[in-house]
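Line order of the protein sequences matches chains A and B.
Quick note on numbering: the numbering used here labels position 159 of the first sequence as 159, and the sequence is numbered without any gaps.
Quick note on numbering: the numbering used here labels position 191 of the second sequence as 191, and the sequence is numbered without any gaps.
FYI, nobody ran anything at the bench for these hints, they're computed from the structure.
Glycine included, each C-beta is placed from N, C-alpha and C at the ideal position.
Be aware that a few hints might be false.
[Stated by the list, open to error] Residues from chain A that keep clear of chain B, each with C-beta distances beyond 12 Å, as calculated: (1) 26; (2) 78; (3) 87; (4) 98; (5) 113; (6) 144; (7) 154; (8) 166; (9) 188; (10) 236; (11) 241; (12) 310; (13) 321.
[As the list claims (entries may be wrong)] Here are the simulated distance ranges between beta carbons: (14) B:201 - A:287: 58 to 68 Å; (15) B:44 - A:28: 38 to 48 Å; (16) A:186 - B:103: 40 to 50 Å; (17) A:113 - B:66: 14 to 24 Å; (18) B:63 - A:164: 31 to 41 Å; (19) B:132 - A:314: 13 to 23 Å; (20) A:159 - B:63: 25 to 35 Å; (21) B:193 - A:97: 56 to 66 Å; (22) B:142 - A:24: 34 to 44 Å; (23) A:27 - B:192: 42 to 52 Å; (24) B:80 - A:162: 16 to 26 Å.
[As the list claims (entries may be wrong)] To give a feel for the contact side, a few chain A residues facing chain B, derived at Cβ under 10 Å: (25) 10; (26) 21; (27) 105; (28) 142; (29) 146; (30) 162; (31) 257; (32) 268; (33) 282.
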Amino acid sequence: MGYLVRRLEFFLVTLWAALTLNFILPRLLPGGPEVALRTRFHGRVSPGTIKSLEVALGIHTQQGQLQQYLEYLGNLLHGDLGVSLGFYPERVTQVIMMALPWTLGLVGMATVIAFVLGTLIGIFGAWRRGGLLDSVLPPVFVVISAFPYFWVGLICILLFSITLGWFPQAFGSSSEVTSELSFPYVLDVLWHSILPAFTIVLTSIGGWILTMRNNMITTLAEDYIRMARAKGLSPTRIMFQYAARNAILPNLVGFAMSLGFVISGALLVEIVFNYPGLGTFLLQAVNNEDFSLMQGLFLLITVAVLLAVVAADFLTAWLDPRTRERA
Amino acid sequence: MGLDVRLVAEQPAIATEAARPERGALHIVAGAMRSNRKALVGGVILAAFVVIAVIPGLLAPYDPHALIFEQTLGPSREHLLGTTGNGQDIFSQLIWGTRESLAIAVVAGLMATVLSLLVGVSAAYLGGLSDHLLSLLTDVFLVIPTLPLMIVVAAYARSGGLAVLIAVIVITGWSYGARQLRSQALSLRNRDFLDAARMRGERTVYVIVFEILPTMTSLIVANFLGAALYAVLAAAGLQFIGLGNPSDMSWGTMLFWAQNNGALNAGSPLWAIVPGLCIAMLGAAFALLNYAFDEITNPALRPKPRRAIEPSIRSSKSAT
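Work out the full structure, taking the sequences as your base and the hints as a guide.
This is the structure:
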């Protein structure tokens, strides 16, 4: 029980901190939004809209800070993230809904692939200590993990798209193919996602491999593994049902968490590939000084990560009785 | 980006139980370089960049800002890496860019480590409500997604330049280390030598700085390496999307200009490749040092010779 209460406290505090950060930032670092608002909207939109934007961004208001804060929280409670400055008159929620499916599809798929592949490589690597997988791959992926994601994307574009011409260089689909849900369209979307997905898998797989490998090594030193060997069980059975099953816990928890990070994990890769997901919209928001969209995206991503973390917590508590006892 | 850096940086956690008295940080690094090839490679790369950052004027043939050459030239004897779409010498830009990129990594890495130490060790040492609040703060920063936060903060503080860039990286990068350092400091809290210090009536600050910190040197070094790697990648990402100061000379801003001029398609791919390669190498240097460090403090993870097939028995005693 104590465990649940503490996790709930953490969840609420973090959520509150993120919301408040969002409220304080524009007030702490004033100037940007005000200028953007004046140059872009002066005389073009209704005074009412300007007023609501000013409340959201904390400029020119006669209200006290506390009142503004309460109004801001109230708006969020209704799922109201305000009007996008850059895609006016669209609302921020509408803009986000345009981009979200692309990101979920691309990065979600890539994350699952990286998790499954990386975990398997980690298992086999640790099982055959000193083998090829064990001695070559970990350092290689340590090095790759230090590469900037987006730069790996650039290299992939140069290699597979510009030089070899195998894959399209940018965007989520071709403009010739209509966006109805037809077979050619799905194929086209998949076709466009291969290169960015490959980039994400390549740069993120190292973490899975290393974690799994290191846990496997620790687990393989346990007495029950020796016991299993002594009983003469088949190596495959020992490897998967005895060792991997116990060693995979941190990776599973990491996977649950990374599903939350799906939304933020590949923002820069999307930017490089001009992929119509959240990352590209975030960049556009930065370039357009679209502060309401920026903040909306930040909130969305934070909430997604938070939910994932809580899910990972419950997963741990469910899979590993020791966590429950400790709490 | 953020997650991956963390997953790799997560490795040192395994080695945190060892709390024996340790030698100085430089000794540890020197010893690591001698005994571990990964550490050697990482150390050499890092040293090379440091030299370049100190004397760029002697190595770079041209003024990196001068727009005086023909545009998008290929590599040649005059221009080792060709010229940019604006007619600058890429090699000279690369050399001069080393300084800022390295400075960001080291300064932001150090500041993040100090912040982690302050929060982590005080939390562990003070205990009780202070520990609860500080840990909560750490967890909050650990979970808030760093890249979007960095982008939002940097976008608001756009005119701030280098100081803002470093501040953003430090604010978003300290929490992971704080949690690690807290758990190690926690394991030290009830050791005899600390009781002895308290018995002598030493002040809390003295106990923390002169009794606790020296026993944690290796974890602190590992933390710095992780934070520096994070800083390299974070700075590159922010500068790449134009949130640094685009008129500064650094690898990240080179990538920004290359991307904005469509370097890949416009026939000057080196403009985009080489600065990224430098970022990758600097990052790899920190990552390799960190990984080697982990192997040194946790012998079970070291690579083994082929013949040692049965992992279960020998892994704990292995001396290689």
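Determine whether the non-interface label on residue 154 of chain A survives the test: each CB of chain B must be over 12 Å from its CB. Non-interface label on residue 154 of chain A violated, nearest chain B Cβ at 5 Å vs cutoff 12 Å.
Agreement of hint residue 162 of chain A with chain B interface, Cβ distance less than 10 Å: This hint holds: residue 162 of chain A lies near chain B, its Cβ roughly 6 Å from the closest one there, short of 10 Å.
Classify the hint on residue 257 of chain A as holds or violated, based on whether any CB of chain B lies nearer than 10 Å to its CB. 8 Å, holds
Run the C-beta distances from residue 78 of chain A to all of chain B and say if the shortest one exceeds 12 Å. 22 Å, holds
Cβ-Cβ distance between residue 132 of chain B and residue 314 of chain A: within 13 to 23 Å? The hinted range 13 to 23 Å holds for residue 132 of chain B and residue 314 of chain A, with Cβ atoms some 22 Å apart.
For the pair residue 193 of chain B and residue 97 of chain A, does the Cβ-Cβ distance stay inside 56 to 66 Å? About 59 Å separates the Cβ atoms of residue 193 of chain B and residue 97 of chain A, which means 56 to 66 Å holds.
Does the CB of residue 105 of chain A sit less than 10 Å away from some CB of chain B? Violated - the Cβ of residue 105 of chain A stays beyond 10 Å from chain B, reaching only about 19 Å at its closest.
Minimum Cβ-Cβ distance from residue 321 of chain A to chain B exceeds 12 Å: 21 Å, holds
Taking 16 to 26 Å as the hint, is the beta-carbon distance of residue 80 of chain B and residue 162 of chain A inside that range? The hint (16 to 26 Å, Cβ to Cβ) holds, given that residue 80 of chain B and residue 162 of chain A are roughly 23 Å apart.
Check on residue 241 of chain A being off the interface with chain B, judged by Cβ distance over 12 Å: At about 16 Å from chain B, residue 241 of chain A clears the 12 Å cut-off, so the statement holds.
Should the label of residue 144 of chain A as a non-interface residue stand, given a Cβ cut-off of 12 Å to chain B? Residue 144 of chain A is in fact no farther than 12 Å from some Cβ atom of chain B, at 8 Å.
Is the shortest C-beta separation between residue 10 of chain A and chain B less than 10 Å? Result: holds, 6 Å to nearest chain B Cβ.
Figure legend: structure checked against the earlier numbered hints; hints not met, in rising order: 1, 6, 7, 12, 17, 22, 27.
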